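Engineer: The task is simple: from the sequences and hints, build the whole structure.
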Amino acid sequence: MTNNLTPILEFIVLDAEQNPIVDEQGLPTLLQRPISKNIPDLINKGKIDNIDMFAQLHAQILQWDWAELYFNYLIDLQDVEKHNANLPEPYENEEGELVEVQPLPLPEAPERPPLKTSDEVLEPFQRHINKLIGIEFKGVQVSLSESNQNGLSALKSALELAKEFGEESKFFPVNFNAETRQGVKVLTLVDEVELKNFGLQFVMARKAFFE
Numbered sequence: 001m002t003n004n005l006t007p008i009l010e011f012i013v014l015d016a017e018q019n020p021i022v023d024e025q026g027l028p029t030l031l032q033r034p035i036s037k038n039i040p041d042l043i044n045k046g047k048i049d050n051i052d053m054f055a056q057l058h059a060q061i062l063q064w065d066w067a068e069l070y071f072n073y074l075i076d077l078q079d080v081e082k083h084n085a086n087l088p089e090p091y092e093n094e095e096g097e098l099v100e101v102q103p104l105p106l107p108e109a110p111e112r113p114p115l116k117t118s119d120e121v122l123e124p125f126q127r128h129i130n131k132l133i134g135i136e137f138k139g140v141q142v143s144l145s146e147s148n149q150n151g152l153s154a155l156k157s158a159l160e161l162a163k164e165f166g167e168e169s170k171f172f173p174v175n176f177n178a179e180t181r182q183g184v185k186v187l188t189l190v191d192e193v194e195l196k197n198f199g200l201q202f203v204m205a206r207k208a209f210f211e
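Under the numbering used here, the residue at position 42 of the sequence shown is numbered 42, and the numbers go up by one with no gaps.
In short, the hints are calculated from the structure, not lab data.
Please read these numbers as outputs of a predicted model, since none were measured by experiment.
Incorrect hints may appear among the rest.
Beta-carbon label-pair distances, calculated as ranges [to be verified]:
1. R127 / W64: 26 to 34 angstroms
2. L115 / P40: 52 to 60 angstroms
3. E10 / N130: 31 to 39 angstroms
4. P105 / N130: 20 to 28 angstroms
5. T117 / N19: 31 to 39 angstroms
Note that beta-carbon positions come from the ideal geometry of N, C-alpha and C, so glycine has one too.
Structural biologist: Have a look at this one:
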C-alpha cells in the first residue's frame with residue numbers, strides 16, 4: 001500500500017519523518033482541502049480585481065478533486081484485493097465440471113491531470129472579463145455594457161436637443177454614470193470634444209469586442 005500512496009503524498013497527513021500516517025486498513029488521512037471562490041460567480045458580480053489569485057486556487061482545487069478520486073481508488077483496490085485473496089477453492093458442479101471462481105479485475109488508478117495555469121482556468125471566461133474591464137477614460141474603467149452604450153446614446157441625443165434650442169453652452173460639464181466592474185462611477189465630461197473622444201473609444205472597443 002505504501003507505494004500506492006506515493007502519488008498523493010502532498011495531499012495526505014505525514015509524520016515527522018515525512019512518512020504517511022495510515023489507519024488499521026493501511027489508508028491515509030487526507031489533508032483539509034483549500035476553499036475556493038466560484039469563478040463564474042465572482043465574474044458575474046464583477047469581482048475580478050484578484051481573479052488571477054482565485055484562478056490559481058481553482059487550479060489547486062482541481063488537483064484535490066483528483067486526489068480524492070485516487071483515495072477512493074485505494075479503498076476500491078483494497079476491497080478487490082481482499083475479495084480476491086479469499087476466493088473459494090475450485091469445486092465440482094452437478095455435472096462434474098471443475099468450477100473456478102474468477103477474481104475481480106483490479107480497478108484502474110485515475111490519471112492525475114496537469115496543473116492548469118491561471119490563464120487556462122480563466123480562458124472560458126476571458127470574453128466576459130474583457131467586457132467588464134472595458135476601456136479606461138479619465139481614470140474610470142468603463143465596462144463595454146449595453147447600459148453604457150444606451151447612456152452614451154441618450155447623452156448624444158440630449159446634446160443635439162440642447163444645440164437645437166441654443167442651450168449648448170449650459171450643457172457642459174456633464175456627468176455620465178458609467179457602469180464599471182466596481183459599480184456605477186461618475187465620469188465628468190467637460191466639453192463636446194471630450195464627449196466625442198470618449199464615445200469613439202467606447203464604440204470602437206465595443207465593436208472590436210463583438211467582432
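Engineer: Confirm or reject each hint.
Structural biologist: Each hint tested on the structure:
1. The beta-carbon spacing between R127 and W64, approximately 28 angstroms, falls within the hinted interval of 26 to 34 angstroms.
2. The beta-carbon spacing between L115 and P40, approximately 21 angstroms, falls outside the hinted interval of 52 to 60 angstroms.
3. Checking the proposed 31 to 39 angstroms range against E10 and N130 shows it holds: the Cβ atoms sit about 35 angstroms from each other.
4. P105 and N130 have their C-beta atoms about 49 angstroms apart, which leaves the hinted 20 to 28 angstroms range violated.
5. Checked against the hint of 31 to 39 angstroms, the pair T117 and N19 passes, with Cβ atoms roughly 32 angstroms apart.
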